[in-house]
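Chemist: Protein chains in written order, with my numbering: chain A, 20 to 188; chain B, 6 to 330.
Watch out, some of these pointers could steer you wrong.
[Claimed, not checked] Okay, derived cross-link-like pairs now, DMTMM-like style, lysine to aspartate or glutamate, Cα gap no bigger than 20 Å in a straight line: (1) K115/A to D105/A; (2) K231/B to D220/B; (3) K115/A to E21/B; (4) K115/A to D220/B; (5) K115/A to E12/B; (6) K115/A to D95/A.
The set of hints was computed from the structure by calculation and includes no laboratory data.
Given next are the chains, with one letter for each unit.
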Amino acid sequence: MYPPTTLCGTYDQVLAQDELEENSAHAEADAFHLFTTLMSSLHSIFIRPAINPSRSTDTPVLASSLSHHGMSATLDRFAARLRARDAELADDLDEKGLETTFYAFRWFTCLAPGGLGLPDTIRLWDSLFADWCLEQETNPTEGDSGFRFLEDFGLAVLLYSPAYKRANG
Amino acid sequence: MGRSHRETLLDGGFSENITLLQRHPVEDLAMTLAMAYTLREHRVTTTLNQENESSAPPTPSTSSATNRFKFGKDDESPTSPGISRVTSIASTQSVPTTNGVTSRWGRNFFAKNSSSPQLPSIPKTPPPPPPEQESMEEQPVKFSPGAWGASLSAASRKLNKLRLTTTISPDTSPSSSKSAVHLDDRPVATGPTALTAIKESTSTISARVGGLMRDSFDRRNEIISKVGGWVANYDSESGRSSMTDWEDVGSQGRESSESRANEEIRRLEGEIGGTGKKEKELSPEEYIARIKRRREEREGKSRGKEEREGTVEGEGGDPLGVGGL
Chain A
20 MYPPTTLCGT YDQVLAQDEL EENSAHAEAD AFHLFTTLMS SLHSIFIRPA INPSRSTDTP
80 VLASSLSHHG MSATLDRFAA RLRARDAELA DDLDEKGLET TFYAFRWFTC LAPGGLGLPD
140 TIRLWDSLFA DWCLEQETNP TEGDSGFRFL EDFGLAVLLY SPAYKRANG
Chain B
6 MGRSHRETLL DGGFSENITL LQRHPVEDLA MTLAMAYTLR EHRVTTTLNQ ENESSAPPTP
66 STSSATNRFK FGKDDESPTS PGISRVTSIA STQSVPTTNG VTSRWGRNFF AKNSSSPQLP
126 SIPKTPPPPP PEQESMEEQP VKFSPGAWGA SLSAASRKLN KLRLTTTISP DTSPSSSKSA
186 VHLDDRPVAT GPTALTAIKE STSTISARVG GLMRDSFDRR NEIISKVGGW VANYDSESGR
246 SSMTDWEDVG SQGRESSESR ANEEIRRLEG EIGGTGKKEK ELSPEEYIAR IKRRREEREG
306 KSRGKEEREG TVEGEGGDPL GVGGL
């Protein structure tokens, strides 16, 4: 599913479940307003030059000129944390050619792993937005770097989450 | 417990891992969120430690302080081993080993709170006595008219006691100040001394006041004798002024003064009554004739006086004989 559809769909679903009919009647408009606000806050993630600039051009790019707020920076940070936490797993995934872009990119753009149900997504967003607001309050300069709690959640999924039963079978 | 994602990813191939991570990443959300919160806490503490270290330069004097305020555990963050080793050695050397003589910085502040038992030490000097309740009463915490009045009365009683009991020093028996009561309520044991003191003081005061009054009245009598009958209250018969009656009040008593006053009133009434009877017997014509006669007498007196003065002036008023000029 396209990421904006996921975000707008989740917003619309939550707002449409409001007990007051006056509020639920304007769920779509409210969802659009929230989506616009979210995109304006996370615009650095979806800007094209910020997405992996070293691979988009053949010329070498200095590390100091790289964007520290785009999706590439987020994925690099996630990979570094995975390696610091479990170097064996990181090396195994590198050997198999399983880059973080193949699975984590969707996590960070849709703000939820694929295949997660709507109730679980809402519960995850509860923690996600709470941590995001706290990050912005404590360190406003870091608040534009995206949802840092998603990195923690991705690491927990890779390292500690119990495996899916069908995958075991 | 089943296998985790990590084991599955290590065992699986590229396609299996992609399918697993894209479609079925989370089996138990609560457990995954709990682990995510653990990782988040570690991340936040690491960030705070880095900020703390960056704010304080790594000098030998401040390195221990920065480590003291470090957040969380130090298991994952790769710090320089030299610094950590130095701090660990310093921390182990700070514990006293042999003589119990520790340096200023090596003192173990938590030794008293540890599990080692401590015997209660007896202080060499006795503890200071608790403050007396009286002092607390004399210094009211909050001003209030009632408390202020009570403290003032207590202070006045205490002052009276200190003044009257000369034999008892307040320093020797500070607790006796609690029994500072009114003079009428004082116990019988201390009564004779206080009464004698009161009598002595009153007798001396009355003697001094009487002497001063007598001196003042003698002075006044001298002035009256010099001036003459200009004092209205001067009684020519008794030769004493009316103020002397006030002076005799203390010696003769209130009854004698009242009787004297009554006698004086009766005398004045008699004088006034005598003249009133004479005036009542006179008719208006006689009264007018009497006034004329008195006026003529006065005029005759004044004429005689002027004639006498004129003879004096004529005889001695112009001793040089130049009056005609």
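Chemist: Please list, smallest to largest, the hint numbers that this structure does not respect.
Modeler: 4
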